[in-house]
Amino acid sequence: MATVEQADPVLKEDGEGVRRRDFINIAALGVAGVGATIAVIPLVNQMNPSADVRALSSVDIDISSIQPGQAIKSTWRKQPIFVRNLTPKEIAEANAVNVSTLRDPQTLAERTEEGHENWLITLAVCTHLGCIPLGAGEGENKGAFGGYFCPCHGSSYDTAARIRQGPAPRNLEVPPYTFTSDTVVQIG
Amino acid sequence: MSFPWAKHYEPKNPAMRWIDERLPLPRLVYSAVGAGYPVPRNLNYFWNFGVLAGVALVVQIITGVILAMHYTANIDTAFNSVEAIMRDVNSGWLMRYAHANGASFFFIVVYIHIFRGLFYGSYKAPREMIWLLGLVIFLLMMATAFMGYVLPWGQMSFWGAQVITGFFSAIPVVGEPIRQWLLGGFVPDQATLNRFFSLHYLLPFVIAGTIILHIWALHIPGSNNPTGVSVKGPQDTVPFHPYYTAKDGFGLGVFLILFSFMVFFLPNALGHADNYIAANPLSTPAHIVPEWYFWPFYAILRAFTVDLSFFGLFTIVEAKLLGVIAMFASILILFFLPWLDNSPVRSGNYRPKFKIAFIILVLDVLVLGFCGQMPAEEPWVMLSQLAAAYYFAHFLIVLPLISHFEKPLPLPGSITEAVLNKHRIKGERDALPGMGSATQPQPAE
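In the order they appear, the protein sequences are chains U and S. Counting from 0, one number per residue, gives the positions in the first sequence under numbering that gives the first Met the number 0. Counting from 0, one number per residue, gives the positions in the second sequence under numbering that gives the first Met the number 0.
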C-alpha cells in the first residue's frame, strides 16, 4: 500500500499555499451544498397550492333574479364573492366621492364593466385579515358608507366596495369576469 | 456543570452500576434533577412553575397522541370525528377536555414562569441563554396552540386560521404568496388542515427538545433565587432531591387539583361556543376572538387603525402592516431584554422603582388582554392603543432609564445571610430566641 501512496506524486501534505486537498474539500462541500439547496426546493414548494386547487375554475352566475339594491354571495375558487345590483342612488353616491381622497383611489367605472355599471362584483374577502364583510344580506349592517362592513375589525366599504374607514388597506378585490349574456356572468 | 460541591453518583446496587458503566443515564438524572444538583436554599413557590410547565407539556403530548388515534384530518370528517371523540370514544370526552384545558394551563404556568423571570431578573447575566431559549419555546407554543385550535374545524377554527394567516398578507409584495404557501390554497381548506395536523403533532417534540437545551443552559449557572444574589458556597444550596422534588411535588398537587376542577366542572369555560358550529367558509362569526392566551397580542394587532403617512401625503406603512409588525415586535423585544435592563441588581425585591414599573407592566398586559377580547369599538380601541404604547415604553424607555437612575436597596451578603436574617426578624417578632448571629456563616468568597 505504501507503494500506492508513493505512486501519487501530486499528494503533498506539507505543501505551502493552496493544496490540492483544499481544492477538493471546497469543491466537494460546494457541490454538496448546492445539491442540498436544490433538494430543499421541492420540500418547500410542495406546500404551495396544488394543481387541483390552482385549476382556475370559472363559475356562471345567473343574475336575473337580483333586484336593484340586492346582493348575493357565491363562491369562486373556494373564495366567497359578492354580486351586487346597485341602485341609481348608490351609483350616484359612489360617483360623488372625490377619488383623490380615497385610501385606494379608484372610480366606480374602473371597478365595473362598461354597460353594466350597476353590477358590482367583488371578492367577499376583507382586505384586512380576510373576514367576510356584512352588507350583502337583507338587513345586515352596511357600515357608515352604505356598502359593506367587516365585523372583525371594523372596516367600512362604500357602495363601490372601496375602503373608507378602518384598518383594511385596499378596496375589495374585483375578480376577472365577463357577461356571457344580460343575465349570466362568468367569473374567472 | 453545576457547583464543585455537587455530590457524585454512587450506584446503590449492582444493576444500576452495570447500567451506569455502559450508559451513564442514571448519573445524568442524578446530576440533573437528583441529589447531585445543588439549588439555592431560598427558592419560593414561583420557582415551581418551570416544572409545572414541563408537566403540562407531558399531559398535552399524552392526551394529544391519544386524540390523534381517533381524529381524522379531513375537512368533511374532522368536525364529526371530534364530536365522535366527545360522544362515542371511551373516555374520549376526558381526553379532549384535558387536552383543550391543558393548553390553557400550559399557558397559565408559562406566563407566571415568564413574569417570575421578569421580576427576579432571571434573564440577566449569566442566564441570558436560558431566557432566549425560553422565548423560543414560547413562540413554538403559540404556533402549536394556534394550529391545534384549527383542527376541530369549527367556525372559530376556520376563521382563526383565516385571520392569523392573513397577518402574512400584510407584508408588501411577497405577503400574499406567503399566505397561499402557508395555506396551500386561497382560503383555509383540506391542504391547510392536513399540514396543520402534521405540524401540530411535530412541534411539541421540537418544544421538548428546546426544553432540554433550556434546562441544560440553566444547569450551567444554576437557578436564580429571590434575592438575585449569586450562590457563594455550599451553605447557600440544598440538593434538588429531596428538597425541591418535595416542594415541586406539593405545587404539582395544587396544580392538578385546579386542572381537574376545570376539566370536570368548567370544561368549556375557556373555549368559544362558536367552535361547536362546523366551519362555514361563507359565514364569518359576528365576533372573532382568539383564545385567551393570545388576547394581549391581538389587542396590540388591532391598536393600529391609521396608516403611517408622510404628512398625510402618501402612505409609508399601512395600518394593517403596522399592527402585524407591532404584534411580532411585542415578543421580539423580549429577546433584547437582557441588554435593555442594565441594572446589575437582579431581584426586583431590591429595586424599589423597578418594582413599581413591574407592577404597572403586569396591569398593562392585563388591560391589553381585556381589550383583546372586546369588539373593535371605542373605548377599547383607544385603551388598547394606550396600553400597547406603554408596553413598548416599558421595555424601550422605562427599564433603561430606571436601570440608569435607580438606587437599589442594600443587597444581603449571601443567600444564607438573607435567609437567616429573615428567620431572626420573624423570631424576634414572635418573641422567640433568634438564630444566634454567631452561627451565621461568612460568605465563602
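Please note: incorrect hints may appear among the correct ones.
[Stated by the list, open to error] Here are some, though not all, of the chain U residues that point toward chain S, as calculated from beta-carbon distances under 7 Å:
| # | residue |
| --- | --- |
| 1 | Leu42 |
| 2 | Met46 |
| 3 | Pro67 |
| 4 | Gln69 |
| 5 | Lys72 |
| 6 | Lys77 |
| 7 | Trp118 |
| 8 | Gln164 |
| 9 | Pro168 |
Please keep in mind that the hints were generated in silico from the structure rather than gathered at the bench. Cβ coordinates follow ideal geometry from the N, Cα and C atoms, glycine included.
Q. Regarding the hint that Gln69 (chain U) lies at the interface with chain S, is the smallest CB-CB distance below 7 Å?
A. violated (17 Å)
Q: Answer holds if the nearest beta-carbon of chain S is closer than 7 Å to that of Trp118 (chain U); otherwise answer violated.
A: violated (20 Å)
Q) Holds or violated: is the Cβ of Met46 (chain U) closer than 7 Å to a Cβ in chain S? A) holds (5 Å)
Q | Cut-off 7 Å, beta-carbon criterion: hint that Gln164 (chain U) touches chain S | A | Because about 9 Å separates Gln164 (chain U) from the closest Cβ in chain S, which is outside the 7 Å limit, the hint is violated.
Q) Do the numbers back the hint for Pro67 (chain U), that is, is its least Cβ distance to chain S under 7 Å? A) With a minimum Cβ separation of about 23 Å from chain S (threshold 7 Å), the hint on Pro67 (chain U) is violated.
Q) Measuring from the C-beta of Leu42 (chain U) to each C-beta in chain S, is the shortest one below 7 Å? A) Constraint on Leu42 (chain U) not satisfied, violated at 12 Å.
**Q.** When the least beta-carbon distance from Lys77 (chain U) to chain S is tested against 7 Å, hint result
**A.** holds (5 Å)
Q. Against chain S, is Pro168 (chain U) within 7 Å by beta-carbon distance?
A. Holds, about 4 Å.
Q: Could you check if Lys72 (chain U) really has its C-beta closer than 7 Å to a C-beta on chain S?
A: Result: holds, 6 Å to nearest chain S Cβ.
In summary, the structure is inconsistent with hints 1, 3, 4, 7, 8 from the numbered list given earlier, while agreeing with the others.
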